[in-house]
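S.K.: One-letter residues, chain by chain:
Number of protein chains: 2
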Amino acid sequence: MSDEFYMDLALNEAWKYQILTYPNPAVGCVICDKFGKILSIKAHKKAGYLHAEPMAILFALFNLNDEILNKFLNEYNVCFTQSFKTLTELNEADLDAKFCYEFILSNHGNLLNDASAYVTLEPCSHHGKTPACAILIKQLGFKRVIISVCDENKIASGGAKILKEAGIDVKIGVLKEHTKKLMLPFKTWLNGNFIFYKLAMSANGVITGGIISNELSRTHMHKLRGVIDLLVIGGNTVRVDRPVLDARLANAKAPDVAIYSTKRDFDTDIALFSVKNRNVEILDNLEVINKPLVMIEGGEQMLKKIALGEILNVKWVLIYQSSEFKNADNIKLDVRLKPLYEGRLGDDRYGWYEVC
Amino acid sequence: MSDEFYMDLALNEAWKYQILTYPNPAVGCVICDKFGKILSIKAHKKAGYLHAEPMAILFALFNLNDEILNKFLNEYNVCFTQSFKTLTELNEADLDAKFCYEFILSNHGNLLNDASAYVTLEPCSHHGKTPACAILIKQLGFKRVIISVCDENKIASGGAKILKEAGIDVKIGVLKEHTKKLMLPFKTWLNGNFIFYKLAMSANGVITGGIISNELSRTHMHKLRGVIDLLVIGGNTVRVDRPVLDARLANAKAPDVAIYSTKRDFDTDIALFSVKNRNVEILDNLEVINKPLVMIEGGEQMLKKIALGEILNVKWVLIYQSSEFKNADNIKLDVRLKPLYEGRLGDDRYGWYEVC
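Chains as they are written, first to last, in the UniProt record's numbering: chain A, 1 to 356; chain B, 1 to 356.
Isolated chain A, as found in the complex:
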């Protein structure tokens, strides 16, 4: 198959963690052995978690040799008093980066000699708490590294140069237009605000009448609430729905809230006002918002204003859509969206869309 095929697998994996990696970019990585067999498809999942490349390298080694997996489990569980037993548990875990790097370097046994790595973003060259990803790839004897886009961040860039100087065949630019879309939130919040609008609706466009989305969708949304800097909500929604707006399904910190309203007379018994460690502000002008990552949870009126460009510079819409038709009125407005990514959360679909 073509380089584009493998890069597409890496991109799809990266999209699953879009925004959740804040303030880091979403990055995906596919590793193939020297014969072209896929060994792993992984992504960076959350800031502080392993980068996509070491995650993919670790799982490639587990795939190649069960003994490496068993050794990892034994040593990791002893060292960090954990009780991980399966690949699935490791896959979800916040693994210690330093331990993983050292484990990889001590146990790879040249199994990844002449392997290939497909990465959506240039591997980092920055030696922070852990060695740079580019150095790790070099040390394992990879033969080819295929990069979609280069890192413009001055501290982290230079990975491709390190790889080339080590004699690795480096190809840059595969599916780069797609990866530029993937990277747009990161590029935007680095130098300004990335603001997205979240909508949950039925298969036939109904957004009212109680809970629309399934638990997987709501958990995903709570994870987002756990990483954003600010949640913006319309005053009417607060008065009618009396929401909590916390992130309990993800065991995460509830976000700060800005209520968009010209009136300030809210019933302070509404649950959102009583959430601990949360700031709530009431704004009649959203242009003052200067947080890097902002999610809007509004209703029809708010989406109309956004579609018309009347409030804020909202580039993306996140839609959770159930597979249920409801006998009720839909949200009504004229707006064309361009799909960037769609995935499934059980029977619900969710997707990231550009406002055209």
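All clues given are correct.
If several chains are the same, the list does not tell them apart, and a pair holds so long as it fits within one copy or across any two.
DSS-like, lysine-lysine: derived pairs with alpha carbons at most 30 Å apart:
| id | residue 1 | residue 2 |
| --- | --- | --- |
| 1 | K85 | K171 |
| 2 | K176 | K85 |
| 3 | K176 | K37 |
| 4 | K171 | K34 |
| 5 | K332 | K263 |
| 6 | K176 | K16 |
Derived by calculation from the structure, the hints in this document are not laboratory data.
Chain A is already provided as a structure; the job is to place chain B on it using the hints.
M.R.: Same frame as chain A, now just chain B:
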């Protein structure tokens, strides 16, 4: 990666041609070389076209050796006075099965020795116009064949036995529940009627007000019209929309039409009545329909009756959904659908759903 990973690739490819293969089942096939590298991902596209296995084998050989591709193009173009130049053209073409089989047997050069094939359905054992797929796989020296479900068709079954007797490692049952869903239309029309309901709507559930779907979606729908035995449409839709209901975008034969109506007073100037080689009947009772493959193109009332089980035994709904919101009323009913497959046609999404 696991057997499930490769079978899932085969399944996804097969779903793209769901119903379009009528009266054959939708079948997908992935071929990996002896090292586990993916060589091709193909499906059976249309009755009369190559089976999934020889299609995947042919493209695996093209992938392995450019000279085989060039030789194929030269010989095929001379033999059939064609002017195919690219893999893309070959991929879409109705290739002569006998020629392809003989070409494969004469030119494989043992390149597929010890390869693996993942097939959603047991390879056929029936020697018809061309050799059976099981024999072909045996002759090429495959080492492993992974089958999702076995063929219950007495004429075609027995492929797994042929493979096992040749010493090939045969594994059966990978993702079989998913493949059973894929095969449901085929199983149904073999012994009765498979009836599905087609709906085109905007992102927010609007089904009225002119053309909703893009040209790719409409072409897909015309391909379906080209293979079905009967198109059922509601009398009101005929009176209001005055449709042609042909299959011009797919250069296919327009389907026969049954209009569901208690009144018989249709304006015969309505375009659908003037399409050549078409039967039109007006039915006040749909239970008399006994064609194997039937598509319903109805409006809200018809879908409500189906959801309530009042008319026909409709198990599946095909939905084309644009990524555009419209400022208009939605279709309104209570029904829960279970997604079976979703794919993209440009900015539109389409999907097959089970009525729960």
